[in-house]
Structure formats: structure tokens, C-alpha cells
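*Asks:* Sequence:
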Amino acid sequence: MTGSQPLAIGREGVRETLFGRRGIVKVVHASLPLGMAASLGSTAEGAPLGRACLLMLLAIGCWSQSATLANDLTDSAEDAAAGKRRWIRMLPRSIGWAVVAAMVAAGALVTTAAGHWSVPAAYGGAVLLGIAYSVRPVRLKDRSLGGPLAYAGASAVAYAVLPWTWLRPGLAVPAVLVPAVFLDKWVNLHFHQVIDYEADRTTGAGTHAVAVGHGRARRLLRRLAWLTAFWLVGTAAFVALALPAWRTAAASTAGLVVLLAGRYVHRVRARGEAASDLVRELPPIYLALTLALFRALPVLVFARLAVMEPSAWGPFAVVVILVGLDAWYAVGYRYE
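Residue numbering for the sequence shown follows this note's numbering, starting at 1 and increasing by one per position.
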């Protein structure tokens, strides 16, 4: 490696982390659980709510990127064969794993600011599940149902349980939002297993889709998507009921987004226009509800927080940026 190469790789890593579709934009899924936890909970000893939210977003971002990079390092051979470019693979393997360890450590350090052992414990649980999902010798990713369970479980702990342990808003928040995140992430992974079926079968991957067959996997995907859609309807109702003064705004926002997005997806499918795999494989109502719940409503929830608590303008701005980046990538969706 020449003297200029580490700098170039570092720049690409920063660019991919901040602006790439596999970077911190993934943290958008934490926006609604965090927003509801902040709306119904409180910080220890009256610490600024906005600061706590920013720290949580930072910790979750560290977890998300460490899990993504660990998966990239473990799947180096498969990704290279498929022509997928991963910046972390340009580094010597030992340095790549050192980067992953540094991100895990940074996130763990951030969680200590909460002042309660349950927050680092939740973070550690998400890290362990993420490692178990992709890293050998456990590698649940290749153990049929173990893959979706570990992936969805790690996401639910990081995105929904962590904010709950930090802000302690009561049991209703995790009771509603942990299953919402878990189900949506299960659908997300199962969808990728379905569209990667032929490649995974050829390479001998042990995904659940390969284990049960393509036809059965597609049917299961649709059933899971419908189950998730029903749960998200209940989640939208919970958000509206939990924020009385903003109930009409929350219900109207969710309803309008679902209506517009659902009609658009249905029209694309009905006309037989060029559509992404997402539109072809998943029910329009599911896609519309995920857009409403995990993209539109968080902006409203954090706007309410910022009006009530000025320190929350910072996390509001971060959420708006994350939602904007996610929308930008969704317009030209291409699986990587």
C-alpha cells in the first residue's frame, strides 16, 4: 500500500459512511422509537433532551456501521465474486477489523453517558447479535431461520430497546415499537434473500430462502409483509393516541403518506412500468406504511419535541437529513 492509498481509502470510507446508501442513513429506522421515547420519557437528572437524543443517534450509528463493516469483511470472497465494491476490503484485513472494533468501542463509550448500566447492556446485546449474525464460526446468516432472527433481533435492540433503556418512557413504547422494528427488519432481510435466491443457491449459502425454496420463500415474504403492515397500523394509532395535542396532525400525516405512496406503487405495478424489486415483491400497503411510520412520522414527532424543548432542534435536523438521504436513495433504489 503506497503512502497516498490509506488517505484515499479513508476519504472513501468517510464518504460512504456519511452519504452512502449503506452508511448512517440506516439509522433512520431508529427515528420513530427514539422520538417516542423522548416524547414520553425523560433524561437522568434533567439533562438536555436534545443532547441525549444526539448521543443515542451517535451510538446507534456506531453500532450500525460496525455491523455492516463486519459483515463486509466476513463476506469478502462472496462480494468480490459478485462484483460488489466495499471500501473496508481495500484495507489490510487486520486494520479492517481494527476499524470495526474502534466503532464498537466508540458506541459503547457514548452509552456510558446515560449513567445507567442497562444502556451499555442493550448496546452490547445488539453488538453480540450483530456479530453472531455474520461472523464465523457462529454466522447465523447461513443457518436458515437463525439469520432473520439475529438480524431483526439486533436491529430491534439497537433501534428500539436502546432508546427505551436510556429515556425510560414506560413499557408501552417498547411493547409497540420493538415488534414494529423487528418485523420490518425481518421483511427487509427476507426480501433480500428472495431476490438473491439464485446467487445464494449457487454459492451454497444457507439462507432461509434457500432452505425452503424460492416459491415458498416468496409466499412467506408476502405474508410477513402483510403481518408487518397490520402491526404498523396499530403503531400509527399508538403514536397518535400518545401525543394528544398533535393527534390530528399525526393521523393526517400518516394517512396522507399511506394514501399517496400506496396509490403510486399500485399504479406502477398496474401499468407494468419498469419497477424495482421492492415494488414487484412487496404489497403496496406495506411499502406505504413503512414510508409513513419510519420516515414521515419521525419528522413530525421530532418537530413537536423541538417546539416543546429547544435542545431538540439538533436531533430534529439530523432526522430530517436522514429522512432526506433515505428518500433520495429510495427514488433510484438499487440493491447493493
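Hints listed in this document are in silico derivations from the structure and should not be mistaken for laboratory results. Since the structure is predicted, the reported quantities are computational estimates derived from the model, not experimental observations. Honestly, I wouldn't trust all of these hints.
Stated by the list, open to error - Derived DEER-like restraints, expressed as beta-carbon distance ranges:
{"#": "1", "residue 1": "ALA249", "residue 2": "THR203", "range": "30 to 36 Å"}
{"#": "2", "residue 1": "LEU220", "residue 2": "LEU7", "range": "19 to 25 Å"}
{"#": "3", "residue 1": "ALA102", "residue 2": "GLN5", "range": "18 to 24 Å"}
{"#": "4", "residue 1": "PHE19", "residue 2": "MET308", "range": "28 to 34 Å"}
{"#": "5", "residue 1": "GLN5", "residue 2": "TRP226", "range": "35 to 41 Å"}
Stated by the list, open to error - When the alpha-carbon atoms are kept at most 20 Å apart in a straight line, the in silico SDA-like pairs for lysine to any residue are as follows:
{"#": "6", "residue 1": "LYS84", "residue 2": "VAL233"}
{"#": "7", "residue 1": "LYS185", "residue 2": "VAL233"}
{"#": "8", "residue 1": "LYS185", "residue 2": "TYR197"}
Ideal Cβ positions, reconstructed from N, Cα and C, are used throughout, including at glycine.
*Asks:* Now tell me, hint by hint, if it's right for this structure.
*Replies:* Outcome of the hint check:
no. : hint                        : result
1   : ALA249 - THR203: 30 to 36 Å : violated, 49 Å
2   : LEU220 - LEU7: 19 to 25 Å   : violated, 46 Å
3   : ALA102 - GLN5: 18 to 24 Å   : holds, 19 Å
4   : PHE19 - MET308: 28 to 34 Å  : holds, 31 Å
5   : GLN5 - TRP226: 35 to 41 Å   : violated, 49 Å
6   : LYS84 - VAL233              : violated, 36 Å
7   : LYS185 - VAL233             : holds, 16 Å
8   : LYS185 - TYR197             : holds, 18 Å
Hints 1, 2, 5 and 6, counting from the list given before, are not met by this structure.
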